[in-house]
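Novice: Read off the chains here:
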Amino acid sequence: MNSSSNLINALFIFVLAGFIGFEVIRRVSPLLHTPLMSLTNALDAIAVVGAIVLVGEHKSTLSAVFGFIAVVAATSNIVGGFLITDRMLKMFKSSRPAAKPAAK
Amino acid sequence: MNSSSNLINALFIFVLAGFIGFEVIRRVSPLLHTPLMSLTNALDAIAVVGAIVLVGEHKSTLSAVFGFIAVVAATSNIVGGFLITDRMLKMFKSSRPAAKPAAK
Amino acid sequence: MTAELAGSQVVIELLYLVASVLFILSLKWMSSPTTARHGIWAGEIGMLLAICGTLLHHGIVDYRLIAIGLVLGTIIGVPLGRVKMTAVPQRTALSHAFGALCVTLVGSAEFYLRSPDISRFMMSVLSLEVILGGLTVTGSLMAAGKLQEILPQRPLTYKGQNLVNFLLLACAVVIAVFLVLHPEAKSLFPFMVLIALAFGVLLIIPIGGADMPTVISLLNGYAGLSAAAMGFVLNNKLLIIAGALDGSSGLILSIIMSKAMNRSFTNVLFGAFGQVQAPAAAGEEARPVRSATPEEAAAILSAANKVIIVPGYGMAVAQAQHKVRELYDALTKRGVDVRFAIHPVAGRMPGHMNVLLAEADIPYDRLIEMDEINGDFPQTDVALVIGANDVTNPAARTDASSPIYGMPILDVDKAHTVMVIKRSMNPGFAGIDNPLYYLDNTLMLFGDAKAFVGSIVRELSGGHG
Amino acid sequence: MTAELAGSQVVIELLYLVASVLFILSLKWMSSPTTARHGIWAGEIGMLLAICGTLLHHGIVDYRLIAIGLVLGTIIGVPLGRVKMTAVPQRTALSHAFGALCVTLVGSAEFYLRSPDISRFMMSVLSLEVILGGLTVTGSLMAAGKLQEILPQRPLTYKGQNLVNFLLLACAVVIAVFLVLHPEAKSLFPFMVLIALAFGVLLIIPIGGADMPTVISLLNGYAGLSAAAMGFVLNNKLLIIAGALDGSSGLILSIIMSKAMNRSFTNVLFGAFGQVQAPAAAGEEARPVRSATPEEAAAILSAANKVIIVPGYGMAVAQAQHKVRELYDALTKRGVDVRFAIHPVAGRMPGHMNVLLAEADIPYDRLIEMDEINGDFPQTDVALVIGANDVTNPAARTDASSPIYGMPILDVDKAHTVMVIKRSMNPGFAGIDNPLYYLDNTLMLFGDAKAFVGSIVRELSGGHG
Ligand SMILES: NC(=O)c1ccc[n+]([C@@H]2O[C@H](COP(=O)([O-])OP(=O)(O)OC[C@H]3O[C@@H](n4cnc5c(N)ncnc54)[C@H](OP(=O)(O)O)[C@@H]3O)[C@@H](O)[C@H]2O)c1
Ligand SMILES: NC(=O)c1ccc[n+]([C@@H]2O[C@H](COP(=O)([O-])OP(=O)(O)OC[C@H]3O[C@@H](n4cnc5c(N)ncnc54)[C@H](OP(=O)(O)O)[C@@H]3O)[C@@H](O)[C@H]2O)c1
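Chains as they are written, first to last, in the numbering used here: chain A, 1 to 104; chain B, 1 to 104; chain C, 1 to 465; chain D, 1 to 465.
Keep in mind that the hints are not guaranteed to be accurate.
As the list claims (entries may be wrong) - Derived DSBU-like pairs (lysine-lysine); straight-line CA-CA distance at most 35 angstroms:
(1) A/Lys93 with C/Lys159
(2) A/Lys93 with C/Lys84
(3) C/Lys259 with A/Lys93
(4) C/Lys333 with C/Lys306
(5) A/Lys90 with C/Lys306
(6) D/Lys306 with A/Lys93
(7) B/Lys93 with D/Lys306
(8) D/Lys306 with B/Lys90
(9) C/Lys186 with A/Lys59
(10) B/Lys90 with D/Lys84
(11) D/Lys259 with B/Lys90
(12) D/Lys259 with D/Lys306
(13) C/Lys333 with A/Lys93
(14) D/Lys186 with B/Lys59
(15) B/Lys90 with D/Lys333
(16) A/Lys90 with C/Lys333
(17) C/Lys306 with A/Lys93
(18) C/Lys259 with C/Lys306
(19) C/Lys259 with A/Lys90
(20) A/Lys90 with C/Lys84
(21) D/Lys84 with B/Lys93
Claimed, not checked - In silico contact screen, one side only, chain D against chain A (beta carbon under 7 angstroms); selected entries:
(22) Val10
(23) Leu17
(24) Lys159
(25) Asp371
In case anyone wonders, no lab produced these hints; they're calculated from the structure.
The structure presented is a predicted model; accordingly, all values stated were derived computationally and were not measured.
Glycine residues also receive a C-beta, built at the ideal position from the N, C-alpha and C atoms.
Construct all of the structure, not just a fragment, from the sequences and the given hints.
Specialist: What follows is the structure, given as structure tokens:
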């Protein structure tokens, strides 16, 4: 699993993805910087896949316990992150919608 | 060499690089589309590395001969491609330089 | 993971590939509000595919515990997705802590499962993962605490602080190096993690609550990097990609913020901020200012043709955005052209004002970025500043001795009339005086933003409708 | 390549990683003429590192033959890098052929070395590599021949042509599928390659010389894809990256071209172009046109304040760019404001006009893109069209029945006076009449572009000094 060939592949992928990250993020509209933060938060919680395997394989009690907490933490980020990003983005409207009474 | 794990890695890299390609090329100044063509030509000639290995390993006459022709073809692209791109780019000047008499 | 993969493994990897593409598209579509919603869907689908793929993993024997974890996470996540918009900064910090916690735990578990059979490179990456993860956990928790005002906002500094912090970090690195050479030394591992956790706390202690956004964004970058490191350890390409995307996002946002605040990025990177730059320069000359009542302000506004509203942190604190929307409606109904000038670091988070105003249903094409709107102030009748301070401080343009000298600002002072809603003459985040308030064309409207705007609106509608 | 790599292999891979980054930066820096030169250096350094790295490959025993190959390639390459600017299109086509030849040969050699021990996926990729490579070799050679006018420019069509081509391609695919299942069938391999080569020829036969640029760009994309396929076969990540970059470049440029020519991209993709769209609609009404002499043209130009020069394919054919430069100098000296309007598909290559004018030392900030300059024509005294035709045809705006209807054009007809230098009333590339020539404010200046511009310049300087 930790062969040097895998590491080299990983390095290539890291570099390419970092490049894409810079190119893409630099072009995110400043209007959306706050939703961007919560979205990347949700995406970053993809670490859940590592935790799922730990829990599922149940190789030791420690790994299962750590994995379980990790699954809970990451899942809450996924759910919370997508939810709030969606809520924020829903608020961005381009022209004025049928005047909804402003909240009190 | 042809393990499925390598192929998957290759796929990831292809997809990421293709994405970078689209992002980067879309932003090339239209002013430079012609030099862009010759530059990508030169870069694409990186295929020379495969040919070099073929020639160098000399595993069979056929592979050495094919490899040799391939080395020659690719090298001429590298040299020619960089040369002409450089020549073209040298011509692009922003403000008028000390009025060089226009060529006849 | 042998060189020749099992069939299920190939399926998983292909699902991960699709998920990676969806994640990238997700961020790409954030480039404009019209496509941003697609971005979320792409992200969600990608996440779903990745999780489903992972469940196919052949070594998994215990699905029950996974299910419980996912359900529990969802139960915690839903309220975290429902917080008020004004609580978004602390929510973001909290979720960095959660993300980093996940990474740190997985890294630790992997260490104990594999030790002593860990190659040097792998152990280096693993240490990086755990140290970055650990400091992000406590650092983000501290940041969230300060923002939520559970912890004191005040920066806590003492002599030699930087040296202590540095030595602590050095300790962690020394342990890491030792572990790289002797991965069988299991007992040392917890110390490395603990030091990282402690370092996270100490890193945030000297930083004032107001400086948190930059720190949060930086911690975002760290969280991303540690996730990428985890990807190296688990040889998981999707994780590497997501981590790299997140890492660059955090870095870029901190760079944008520090540029807009006129701080060097290295200054931010090395945690040297928070050193209160100028202790409220307080040239207590009691210079005269002119103030006005809501009635007077309403009269001036309704007589104007072009109004630019400049919101700032005070609007967020007062939660005045809905009242501002009413003001916008009232003025627009009278034919006044109202636009909003958005400074990149107004508020306490990149894009803070945009989100609040969007929440109040103000169309985003009325929100104009600094560079675009600055030329329009001289042709503007009234610039109405609502709870903004530093981002309007003309000293940044003129006074070379000011700590914010050189920071790009909104040129409100060039409007015919400037009206500033704030509660007192107290300074803003940068702790410095604002010469704007003493100009001849400036009127101070003292009061809470929400209450004051409410009075203006009442005045406007009382007069007419 | 075992899972645990040899030390030298690690060095090679790291060099390849650096080379990949340099290649990406190289293209990124092409985004502006001010950074483009750095781009070349990055590309060159990357190439050098990659080649040096490859020479470290442990299996290499014969360095002499490699050296000879490199030297021979350089000897051929230098003249190819020294061709005249007007010969750039055919040079580009030729180099696609060379690149594809390299890929095809390497692919074939690999097949014979490995057969019958080739996995199905690998054999599919290998077939893709060889088929794409093969058709690109002959296709590009044909294209180069047509552009250099060694081969007849005229499209050669016959009934059922598309069917024949399709069947031929199908044959190649059938062989490829058979080889995937039976990689030991060595004797079939040459047939697959031969068919691909034949297909390349037949693909280009029905396409007129003028349509070559789009084809060349498409072949560029194919060459890139085949190089990427080779990267899969050799498990060489640098090759995959370079191939993907090249492939996307080719595709994007063809898309840009077909958009600017108002053709659907699928139309281009499936080689269905060249079907002469409208046989020189030739409404032979012998409508009257007004023409003028060089003296008259010089007088009009020197009386103008603002002149926009619109160069086209005719300027390239006549190699008139240096004379145009003299004209630009002469007019500028008299205080006339001269700019150049660049249509994206003027000429026969994307960016063709830019390169030619840059060659003649015209500063690139005087070259204005269509979208930017179109608004300025109504305030322009003279629009001087030099050898351009289709890109100025107002029928694209007004005449829904025109084959170029909808194509974005330069609005020269809105200038106060239009002067058109061309040799006759013959149509341009699209083969259709140009109503511009019959407008009241249009003057035709009949003659070769170089000679005519030369006369104007002589007139201008004769008049004054
Ligand atoms: N956005 C970001 O990403 C970010 C990140 C890090 C740092 N920062 C910093 O934050 C600052 C943002 O500038 P800013 O102009 O938006 O805010 P500011 O300079 O911090 O000023 C906010 C003003 O709002 C007033 N205020 C507070 N509560 C109020 C209430 N309830 N009603 C009415 N007024 C109230 C305060 O004055 P009173 O106390 O007199 O009412 C204060 O002067 C900048 O210095 C920036 O560098 C921003
Ligand atoms: N740029 C690209 O990437 C690209 C790619 C594919 C296709 N195309 C097509 O190429 C066309 C380009 O438009 P264009 O306006 O530049 O060219 P054009 O429409 O082909 O017209 C060129 C004109 O130049 C004149 N000409 C030829 N030789 C001349 C000489 N020696 N002196 C003076 N005039 C001469 C010709 O008229 P006379 O014979 O009367 O002199 C002809 O009408 C478009 O239709 C475009 O779609 C471009």
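Novice: Indicate, hint by hint, whether the structure satisfies it.
Specialist: The hints, checked one at a time:
Our distance criterion of 35 angstroms between C-alpha atoms is broken by A/Lys93 and C/Lys159, whose separation comes to about 50 angstroms. For the proposed pair A/Lys93 and C/Lys84, the alpha carbon gap of about 19 angstroms is at most 35 angstroms, so the pair holds. Simply put, C/Lys259 and A/Lys93 have alpha-carbon atoms about 29 angstroms apart, close enough for the 35 angstroms limit, and the pair holds. Restraint check for C/Lys333 and C/Lys306: satisfied, since their Cα atoms lie roughly 13 angstroms apart, inside the 35 angstroms limit.
With a CA separation close to 29 angstroms, the supplied pair A/Lys90 and C/Lys306 stays within the 35 angstroms bound. Using a Cα cut-off of 35 angstroms, the hinted pair D/Lys306 and A/Lys93 is violated, with the two alpha carbons roughly 44 angstroms apart. Annotation: proposed proximity of B/Lys93 to D/Lys306 holds, straight-line Cα distance about 22 angstroms (limit 35 angstroms). Taken as a hint, the D/Lys306 and B/Lys90 pair is honoured in the structure, with Cα atoms around 29 angstroms apart against an allowance of 35 angstroms.
A threshold of 35 angstroms between alpha carbons decides the hint, and for C/Lys186 with A/Lys59 the separation of about 17 angstroms falls inside it, so the pair holds. Between B/Lys90 and D/Lys84 the CA atoms are separated by roughly 14 angstroms; this keeps the pair inside 35 angstroms, and the hint holds. For the hint pairing D/Lys259 with B/Lys90, the CA-to-CA distance comes to about 29 angstroms; that is within 35 angstroms, so the pair holds. Restraint check for D/Lys259 and D/Lys306: the C-alpha separation of about 30 angstroms stays at or below 35 angstroms, so the hint holds.
This hinted pair checks out: C/Lys333 and A/Lys93 have alpha carbons roughly 19 angstroms apart, not beyond 35 angstroms. Only pairs whose Cα atoms come within 35 angstroms are accepted, and D/Lys186 paired with B/Lys59 is accepted, the gap being roughly 17 angstroms. Restraint check for B/Lys90 and D/Lys333: satisfied, since their Cα atoms lie roughly 25 angstroms apart, inside the 35 angstroms limit. Taking the CA atoms of A/Lys90 and C/Lys333, the gap is about 25 angstroms. The hint holds against a cut of 35 angstroms.
At most 35 angstroms may separate the alpha-carbon atoms for a hinted pair to count; C/Lys306 and A/Lys93 meet this at roughly 22 angstroms. A hinted pair counts as satisfied when its Cα atoms are at most 35 angstroms apart, and C/Lys259 with C/Lys306 qualifies at roughly 30 angstroms. With a CA separation close to 29 angstroms, the supplied pair C/Lys259 and A/Lys90 stays within the 35 angstroms bound. The straight-line distance between the Cα atoms of A/Lys90 and C/Lys84 is roughly 14 angstroms, inside the 35 angstroms bound, and the hint therefore holds.
Taken as a hint, the D/Lys84 and B/Lys93 pair is honoured in the structure, with Cα atoms around 19 angstroms apart against an allowance of 35 angstroms. This hint holds: D/Val10 has a C-beta 6 angstroms from the nearest C-beta of chain A, less than the 7 angstroms allowed. A cut of 7 angstroms between beta carbons decides the hint on D/Leu17: the least distance to chain A is about 6 angstroms, and the hint holds. Look at D/Lys159: its Cβ only gets to about 48 angstroms from chain A, farther than 7 angstroms, so that hint breaks.
Look at D/Asp371: its Cβ only gets to about 20 angstroms from chain A, farther than 7 angstroms, so that hint breaks.
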